[in-house]
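> Residues per chain are reported as follows:
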Amino acid sequence: MNWSLIVKTAIRDSRKDRSKLILFMSSIILGVAALVAINSFNDNLVRDIENQSKSLLGADMTVGGNKPLNEDLVASLDSLSTERTSELELFSMSYLPSKDESQFVRLKGLTGNFPYYGKLITEPLEAANTYKSELAALVDDGMMLQYGLEVGDSIKLGEVMFPITGRLMNAFGSVDAGASFAPSVYIGGQNIEATNLIQPGSLVNYKEYVKVFKDIDLDDWEDVRRKKFRNEAQRITTVEDQRQNLQEAFSNLNNFLNIVALISLLLACIGVASSVLIYVKTKVQSIAILRCLGMKSEEAFMVYFLQIISLGTLSVIFGVALGSIIQVILPLVLKGFLPYEVNMSISPSAMIKGFVMGELITSLFAIGPLLGIRRVTPLRALRISDDTQQRDPLQWLIYGLIFITITGFLYTLTENVLDAITFSAGILFAFLILYGVAKSVTWAVRKFFPSSASFVVRQGLSNLYRPNNQTLTLIVSIGLGTGILTLLFILQGLILNNVEDMGVGNQPNMIVFGIEADQKEEIEDLTKSFEMPIIQHVPVVTMELAAWKGKSKKDWLSDTTRTSSRWAINREARVSYQEEMPVDDVLLEGTYTGVHDGGDSIFISLSERYSNGLDVEVGDELVWNVQGAMITTYVGSIREINFRKMESRFFILFPIGVLEDAPQFLILVTKSPEKQTTADFRNAVVKSMPNASVIDLGSILATLNDIITKVSYVIKFMAGFSILIGLIVLISSLFLSKFQRIRESVLLRTLGAVEKKIYRINAVEYASLGILSALTGISLAVSGSYLLAKFVFELDFNLSWWPIFGIFIFIVALTVIIGLWNSRDVVKRSPLEILRNV
Amino acid sequence: MILEAKSIFKKYKGIHKELTVLDDINFSVNKGEIVSIVGPSGSGKTTVLGLCAGLDTPTSGSISLAGSMISSLTENEKAEVRNRKVGFIFQNFQLLPTLTALENVMIPLELQGRAKGAKEKAEQLLERVGLGGRSHHYPSQLSGGEQQRVSLARAFSNDPEILFADEPTGNLDEETGSIVEGLLFELNKEKQTTLIIVTHDLELANKTDRIIKLKGGKIVSDQRIKATAQI
Chain G
1 MNWSLIVKTA IRDSRKDRSK LILFMSSIIL GVAALVAINS FNDNLVRDIE
51 NQSKSLLGAD MTVGGNKPLN EDLVASLDSL STERTSELEL FSMSYLPSKD
101 ESQFVRLKGL TGNFPYYGKL ITEPLEAANT YKSELAALVD DGMMLQYGLE
151 VGDSIKLGEV MFPITGRLMN AFGSVDAGAS FAPSVYIGGQ NIEATNLIQP
201 GSLVNYKEYV KVFKDIDLDD WEDVRRKKFR NEAQRITTVE DQRQNLQEAF
251 SNLNNFLNIV ALISLLLACI GVASSVLIYV KTKVQSIAIL RCLGMKSEEA
301 FMVYFLQIIS LGTLSVIFGV ALGSIIQVIL PLVLKGFLPY EVNMSISPSA
351 MIKGFVMGEL ITSLFAIGPL LGIRRVTPLR ALRISDDTQQ RDPLQWLIYG
401 LIFITITGFL YTLTENVLDA ITFSAGILFA FLILYGVAKS VTWAVRKFFP
451 SSASFVVRQG LSNLYRPNNQ TLTLIVSIGL GTGILTLLFI LQGLILNNVE
501 DMGVGNQPNM IVFGIEADQK EEIEDLTKSF EMPIIQHVPV VTMELAAWKG
551 KSKKDWLSDT TRTSSRWAIN REARVSYQEE MPVDDVLLEG TYTGVHDGGD
601 SIFISLSERY SNGLDVEVGD ELVWNVQGAM ITTYVGSIRE INFRKMESRF
651 FILFPIGVLE DAPQFLILVT KSPEKQTTAD FRNAVVKSMP NASVIDLGSI
701 LATLNDIITK VSYVIKFMAG FSILIGLIVL ISSLFLSKFQ RIRESVLLRT
751 LGAVEKKIYR INAVEYASLG ILSALTGISL AVSGSYLLAK FVFELDFNLS
801 WWPIFGIFIF IVALTVIIGL WNSRDVVKRS PLEILRNV
Chain Z
839 MILEAKSIFK KYKGIHKELT VLDDINFSVN KGEIVSIVGP SGSGKTTVLG
889 LCAGLDTPTS GSISLAGSMI SSLTENEKAE VRNRKVGFIF QNFQLLPTLT
939 ALENVMIPLE LQGRAKGAKE KAEQLLERVG LGGRSHHYPS QLSGGEQQRV
989 SLARAFSNDP EILFADEPTG NLDEETGSIV EGLLFELNKE KQTTLIIVTH
1039 DLELANKTDR IIKLKGGKIV SDQRIKATAQ I
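Which chain is which? The protein sequence lines are G and Z, in order.
Position one of the first sequence corresponds to residue 1 (the numbering used here), numbered consecutively onward.
Position one of the second sequence corresponds to residue 839 (the numbering used here), numbered consecutively onward.
There's no promise every hint is true.
[Said to hold, decoys possible] One-sided and incomplete, this derived list gives chain Z residues near chain G with beta-carbon spacing under 8 Å:
#1 G880
#2 T884
#3 D894
#4 A917
#5 E918
#6 L934
#7 I945
#8 P946
#9 G951
#10 G955
#11 E958
[Said to hold, decoys possible] Pair ranges (Cβ atoms, derived):
#12 V1058(Z) x R824(G): 27 to 35 Å
#13 L401(G) x T912(Z): 25 to 33 Å
#14 L432(G) x L1040(Z): 54 to 62 Å
#15 L432(G) x S910(Z): 13 to 21 Å
#16 R824(G) x I1063(Z): 55 to 63 Å
#17 T282(G) x T897(Z): 50 to 58 Å
#18 L332(G) x K957(Z): 51 to 59 Å
#19 T897(Z) x E415(G): 54 to 62 Å
#20 R824(G) x S900(Z): 54 to 62 Å
#21 S4(G) x T912(Z): 20 to 28 Å
#22 A453(G) x T897(Z): 43 to 51 Å
#23 T858(Z) x A425(G): 49 to 57 Å
[Said to hold, decoys possible] Below 27 Å or equal to it, Euclidean Cα-Cα: the simulated BS3-like pairs (lysine-lysine) are:
#24 K16(G) x K957(Z)
#25 K869(Z) x K1064(Z)
#26 K1056(Z) x K1027(Z)
#27 K1045(Z) x K1029(Z)
#28 K869(Z) x K8(G)
#29 K923(Z) x K1029(Z)
#30 K851(Z) x K281(G)
#31 K959(Z) x K16(G)
#32 K954(Z) x K8(G)
#33 K16(G) x K954(Z)
#34 K1056(Z) x K844(Z)
#35 K869(Z) x K1045(Z)
#36 K8(G) x K923(Z)
#37 K1056(Z) x K8(G)
#38 K520(G) x K687(G)
None of these hints come from the bench; they were simulated from the model.
Nothing here was measured: the structure is a model prediction, and the numbers come from that model.
From the three backbone atoms N, C-alpha and C, an ideal C-beta is built for every residue, glycine too.
This is chain Z alone, in the form it adopts within the complex:
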């Protein structure tokens, strides 16, 4: 098991009353599994993703990620786990605007102190996503699809154990979206990475092994579509 969430609650203090965004969430994900989290807007999908990836802390409950009890780690310890074991893909790409495509891909490796060979690896990944010739371009000089492909290359550059993708095709047209989607699944298969996708797109969700449905901050169904080899 690579991810386990137990009795997760996330509450925010409002002006008049407390707002419960997540209400007793429990699930676990095995290594190599591809899981999609779906649900209407405001159901808590992104909050679940943020908590599981160690970007935020639950009000109560525990989360274990790749062998670390991430819910009880300090900010710096969480940063360490994210850098070594986690990859991210965002809906709005989140590339650093002042860095070239190549430098964006190199950043996670450089953060690990693996500057040596980082450039070659980043170049290979950019080549793999079809952007070999654009490595010195800035994000503003790339189209949305190209930016998301750089984002894919960056997500895989540190060989993560688990990858979190937040609406990876949400900002792209259908054709570009399907190219990015194809690349995501291909790379994931090659690298044998666990993948958690938050999406509205049921077509995309149906391509995953398992669909967790959220509504009003609760899991309403957890449905396995395909059998996944347990590693």
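If we strip away everything but chain G, and leave its shape as in the complex, we get:
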């Protein structure tokens, strides 16, 4: 091969046409940028988790559970610790007298010198040092802002009024959604008891923060003792565990973002493939002349391969640079998810990964259409014939390589071959559907062509199937972009609608729990005084499983062949008793026993999930430890529980006549007619029964909405990339198609078509493309969301069509506007000027 000539010809030939491709290459720039930004962000996140996990945990290790440590475990901890801090955490109502408001909070009572690593940041700073030794509370900054509280105001927790001595600017280990649902309040551990909030049945978590002797290998210690702690339902979390947990939590998010970025890159590549195909078509004559003059087909191929690859590489480099800049924006977008500030810096590995992936995918997608060059015969110089359309067996090799590359990339994310293949197959399936739609459309328009329609309509429609049409590229790219956006939109709506439905009509919307047995009448009277119904008022008894199927809990836990799950075994059971089975529950097996007949056998009812978790069947024996007393029961029935109503649901139901004398508290379910009543009722409950807590649907909805908004913001940001690339592909496709349509438009103008007519013809074409792409994308999204709602989220599928119609109109309008904007050049220039150049 004559390499110097190939290089020279490639440079000379591209001189006048480079701008045509550069526009298309901008989609690669964006695709690669998305990939690099996300990978850089992830690298920085992992690095920071590595560096900061100790200060995030605040100690070397924590041990926590829903009961205090027994002596044996305390001794075990003493052997390795220099210092320990005890924490009691419970969810409770708080009352703000200065505002006459109440708020559900996460109350933490601490003793000891926690945190050992990192700093508890408060305003004023000294409040962090003094709150444990005096009667004082530190209140979450967000809550202070929400209620307009100031340091010096008071907060009533249970029966005690605490002065607020500081704003809590950070919290330890609170990366879960509960943080936004219930803001944190810190008090000294010695003051907890006085609040009287710890009652039988209260949701209390006990945690020990441990600072370990320097010469102790915590991993070895943990390996030996983890089981012992687990058997007592105590969970050990070391710095390493915390690091892994955080990494796992963020790797899911990161994987999702990476997949969206990959789809964006693939969209960009469809644009590349189509642009290269059109580019090759415009070059066929030049290629034929070169072949006539004696250039070999491989040399001609290399000329254009070099051009495309050089521009591709340039775009990938720009993309890598842009991605490194964009990653600075990502922390702002992801703010709601991050437990701390991530320090952003350039990540060479992300840049290399983005470059390699960008280069691979771009080259593979570009080579496909370039292969046609090998088939251009020199005879083309003498007469017109299209020899680039024939299928080349090498194409299949390229398709195979593209599939392998994508699967390989997904494997690096999921580290599971099957998942990677499933994902690639899913992407392939979506592309195939869009491809199929595009092909059917071109076929159908030709087959059912409206011959009697006006000239403008006929011209516009026939552009959908004429040679060099853009139907396939645009339907795939716009369709996929629209599909992703609509899917996200529908899912968000479905989740929120399903939750909102919980409170409509006569459905309950408020739960009061933690009511003591002797407050039964008081709470009922209070509820009635607000003219609210008592929908459910049930007793709750806490108990623990002691033995089942003839074997003690200890024996089961040490049995390596057991089939029951740890969560079911260690669960602190909150049991109720009632005569009738809840109306919404479905009896799956056995008979529900509502009243105990006084005989030896007590028949209880279990939920399906719990019975599966424990691996027990109807007739199996279960022994319960009810605060010291052992009660033997038998599984009488198994129920399927309907959780879609805001009522308390019980995994375990006893018959009447067994638990009446056991220590218990009550749960009351009611319905508040409007917000003000909710607030007034909440305040009244907190004032008269400080031990009780009120949870209302409104605050759950607000929290859920907040979380979904944060998630969807991130998703929308990434889908935005996809849409933006789709638009660039659209603009570029139309830009290139302009050169395809130019001769036709000019001839039409020469023959007397006025400007308006040409605009109309183009409008018909682009409107048809927009309508078809948007419809296909929306149909895919609707069917996808139906499947997800039905099988993954188990939600009712009710679509609100107006917003979807809005998306449809937006996409169609955008396509038409961009299309017409592009054609204005053809219309404005003089036909003569164009004819000389064509």
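Could you slot chain Z onto chain G? The hints should help.
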């Protein structure tokens, strides 16, 4: 003898039946001869030219061009022969639109690997066809006559043994056509090249040594007008 076509058939498969475009074509051309191929539209003139120049392959028969059995060569071997021994002039000029006039003329030499001196030779040829001052212009900046003159310069740049011209004046007005025609014959005489012209223009055909008439894919007459010195 520089070109010999023996029993050439060219058939295309149609939807219902086979279409015979060339039907048993036999002729030969001596070195230095100027031959015109004439005939009505669809008679197969351009197909004959394409086959003889190695741009296409006959369905059956053999073609020998400048000592090579071109009908049995591979695509790349044919490309080699075209580059070293053949020159082309097309009705629609076929200049590479993205290359300047000078670069268009240099291309055949560069393809031969003769980059050294290619520029000087191309400049001389452009000068010879009267376009010395336009060498850096793109085809779109040149008139039709000028483009065809660049095409002439390119055709002679690799010192071909044989030159194929497909309606060289077909796209030009009479005056410009006669200038191009004059240049073509002059250059051909200077370089002692064999010239095959496909044309409708009988006036132009009459200026050649020999006229081969085609009709319906067959040679209907092969008439020598002038005696040509056999080289």
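> Hint by hint, say whether it matches the structure.
Hints, one by one, checked against the model:
Taking 8 Å as the C-beta cut-off, the interface hint given for G880(Z) is violated, the closest approach to chain G being about 12 Å. Given hint, T884(Z) at the interface with chain G, holds; its Cβ is 6 Å from that chain's nearest Cβ, closer than 8 Å. Residue-level restraint check for D894(Z) holds (minimum Cβ-Cβ distance to chain G is 5 Å; threshold 8 Å). This hint holds: A917(Z) has a C-beta 5 Å from the nearest C-beta of chain G, less than the 8 Å allowed.
With its C-beta approaching chain G no nearer than about 7 Å, E918(Z) sits inside the 8 Å limit, and its interface hint holds. Annotation: interface hint on L934(Z) holds; nearest CB of chain G at approximately 5 Å, less than 8 Å. The interface hint given for I945(Z) is met, as the beta carbon of that residue sits about 6 Å from the closest beta carbon of chain G, less than 8 Å. The beta carbon of P946(Z) comes within 5 Å of a beta carbon in chain G, closer than 8 Å, and the hint placing it at the interface holds.
At a threshold of 8 Å, the smallest CB-CB gap from G951(Z) to chain G is about 6 Å, leaving the interface hint in force. With its C-beta approaching chain G no nearer than about 15 Å, G955(Z) sits outside the 8 Å limit, and its interface hint is violated. At about 17 Å, the closest approach between the beta carbon of E958(Z) and any beta carbon in chain G exceeds 8 Å, and the interface hint on this residue is violated. At about 55 Å, the CB distance of V1058(Z) to R824(G) disagrees with the hint of 27 to 35 Å.
About 28 Å separates the C-beta atoms of L401(G) and T912(Z), a value consistent with the hinted range of 25 to 33 Å. For L432(G) and L1040(Z), the Cβ-Cβ distance of about 59 Å falls inside the hinted range of 54 to 62 Å, so the restraint holds. Distance hint for L432(G) and S910(Z): a CB-CB separation of about 44 Å, inconsistent with the stated range 13 to 21 Å. Range check, R824(G) to I1063(Z): Cβ separation about 57 Å, and the 55 to 63 Å hint holds.
Separated by about 32 Å at the C-beta atoms, T282(G) and T897(Z) break the suggested range of 50 to 58 Å. With their beta carbons about 57 Å apart, L332(G) and K957(Z) fall inside the hinted range of 51 to 59 Å. At roughly 59 Å, the beta carbons of T897(Z) and E415(G) sit within the given window of 54 to 62 Å. Take R824(G) and S900(Z): their Cβ atoms lie about 57 Å apart, and the range 54 to 62 Å holds.
Checking the proposed 20 to 28 Å range against S4(G) and T912(Z) shows it holds: the Cβ atoms sit about 24 Å from each other. A C-beta distance of roughly 45 Å is found between A453(G) and T897(Z), which places it inside the suggested range of 43 to 51 Å. A hinted range of 49 to 57 Å for the beta carbons of T858(Z) and A425(G) is consistent with their spacing of about 51 Å. Taking the CA atoms of K16(G) and K957(Z), the gap is near 21 Å; set against the 27 Å cutoff, the hint holds.
Between the alpha carbons of K869(Z) and K1064(Z) the distance comes to roughly 15 Å, so the proposed pair stays at or under 27 Å and holds. Under the criterion of a C-alpha separation no larger than 27 Å, the hint pairing K1056(Z) with K1027(Z) is inconsistent with the structure, at around 30 Å. At most 27 Å may separate the alpha-carbon atoms for a hinted pair to count; K1045(Z) and K1029(Z) meet this at roughly 18 Å. For the suggested pair K869(Z) and K8(G), the alpha carbons sit about 35 Å apart, so the restraint of at most 27 Å is broken.
Our distance criterion of 27 Å between C-alpha atoms is met by K923(Z) and K1029(Z), whose separation comes to about 13 Å. A threshold of 27 Å between alpha carbons decides the hint, and for K851(Z) with K281(G) the separation of about 25 Å falls inside it, so the pair holds. Proposed proximity of K959(Z) and K16(G) is supported: the alpha carbons are some 25 Å apart, at most 27 Å. For the hint pairing K954(Z) with K8(G), the CA-to-CA distance comes to about 14 Å; that is within 27 Å, so the pair holds.
In summary, the hint linking K16(G) to K954(Z) is supported, as the alpha carbons are separated by about 26 Å, within the 27 Å threshold. Proximity of K1056(Z) to K844(Z) is assessed by CA-CA distance (about 13 Å); at most 27 Å being required, the pair is judged to hold. Distance restraint check for K869(Z) and K1045(Z): the Cα-Cα separation of roughly 17 Å lies within the 27 Å cut-off, and the hinted pair is therefore satisfied. Taking the CA atoms of K8(G) and K923(Z), the gap is about 23 Å. The hint holds against a cut of 27 Å.
In summary, the hint linking K1056(Z) to K8(G) is not supported, as the alpha carbons are separated by about 44 Å, beyond the 27 Å threshold. In summary, the hint linking K520(G) to K687(G) is supported, as the alpha carbons are separated by about 16 Å, within the 27 Å threshold.
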